Amino acid sequence: TNARSWTNPWKDTLLTEFWHANKFSSAKDSSIYIIGGYGQLKYKNGVQRYHWPTQKWEVLKVSGDHFAPRYLAALGLSITGDTAFIMGGYGSPEGDQMLNPGNYYDLYAFDIARRSFKRLHSITTGDPHYLFANSLVIDPSGKNYYALRFPNGSFNTQLQLISGKLEDSTYRLVGDKIPYSFYDVQTFADLFYSPVSKKLFAVTFHYSPESEKARNTQVKIYAIDFPPETIE
Numbered sequence: 116t117n118a119r120s121w122t123n124p125w126k127d128t129l130l131t132e133f134w135h136a137n138k139f140s141s142a143k144d145s146s147i148y149i150i151g152g153y154g155q156l157k158y159k160n161g162v163q164r165y166h167w168p169t170q171k172w173e174v175l176k177v178s179g180d181h182f183a184p185r186y187l188a189a190l191g192l193s194i195t196g197d198t199a200f201i202m203g204g205y206g207s208p209e210g211d212q213m214l215n216p217g218n219y220y221d222l223y224a225f226d227i228a229r230r231s232f233k234r235l236h237s238i239t240t241g242d243p244h245y246l247f248a249n250s251l252v253i254d255p256s257g258k259n260y261y262a263l264r265f266p267n268g269s270f271n272t273q274l275q276l277i278s279g280k281l282e283d284s285t286y287r288l289v290g291d292k293i294p295y296s297f298y299d300v301q302t303f304a305d306l307f308y309s310p311v312s313k314k315l316f317a318v319t320f321h322y323s324p325e326s327e328k329a330r331n332t333q334v335k336i337y338a339i340d341f342p343p344e345t346i347e
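Quick note: the sequence shown uses my numbering, first residue 116, plus one each step.
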């Protein structure tokens, strides 16, 4: 961080196989995990692992309930660090963009040690067609979650903070809405919690590739005191 440099340089590119994949860092096995994503007209459900001590990547063989290929889901790590929770997303049963793509409204648990998925329940809501910012924030109790959702049917849309219990299928709306310009892989949103400032932070990115010289990314950061109040 002092030198602001990477140990291994890489060639920048606009193409990737894993747009909007989910990620988490596991202290238990000194690894970084990447789950799902989208690229080359395919939705993904693979689990990739980078092991820090050996500096090697591997694609893991997983078991348990079928985790349908998807991107634009939310993921959060449990307080104990042994389970990753994955909510919602957009994809298709076979992973092909042309075959029955749609929104998912479910919650999965990924057991890191066993490398297995378990479908917990469907999310109950009367609002169709929405997706999530990249991260799911689990509160200090380990029982409640916070996430940012947004409708995926228009460019000028809004992020809405929601709160729910991991063991329950319902959630409630909390806090004000945040303006968000959604344009698939040219936009990105994430949610973070700072235990120092006791605030939730929403971060949005909007990439504008007008030309090779003028392309830029607009970044906006929003903060709300924690725990946030319900809209009512």
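Simulated from the structure, these hints should not be mistaken for lab results.
Errors might be hidden in some of the hints.
Claimed, not checked - Under the rule of at most 25 Å between Cα atoms (straight-line distance), these lysine-lysine pairs were calculated in the DSS-like manner:
1) K143 to K176
2) K314 to K280
3) K143 to K157
As the list claims (entries may be wrong) - Ranges of calculated distance between the beta carbons of each label pair, as one might list FRET restraints:
4) T122 to N215: 38 to 46 Å
5) G217 to Q301: 18 to 26 Å
6) S120 to F307: 30 to 38 Å
7) K314 to L214: 38 to 46 Å
8) P216 to A338: 14 to 22 Å
This structure is a prediction, so every number in the text was calculated from the model and none was measured.
Virtual Cβ for every residue (Gly too), placed ideally from N, Cα, C.
Hints, verified against the model:
1. K143 to K176: Distance of about 19 Å is within 25 Å: holds.
2. K314 to K280: At roughly 19 Å apart (the allowed maximum being 25 Å), K280 and K314 satisfy the hint.
3. K143 to K157: Violated, at roughly 31 Å.
4. T122 to N215: 38 to 46 Å: Given range 38 to 46 Å: holds, Cβ gap about 43 Å.
5. G217 to Q301: 18 to 26 Å: 21 Å, holds
6. S120 to F307: 30 to 38 Å: Since the Cβ atoms of S120 and F307 sit about 25 Å apart, the hinted range of 30 to 38 Å is violated.
7. K314 to L214: 38 to 46 Å: With Cβ atoms ~42 Å apart, the hint holds.
8. P216 to A338: 14 to 22 Å: 34 Å, violated
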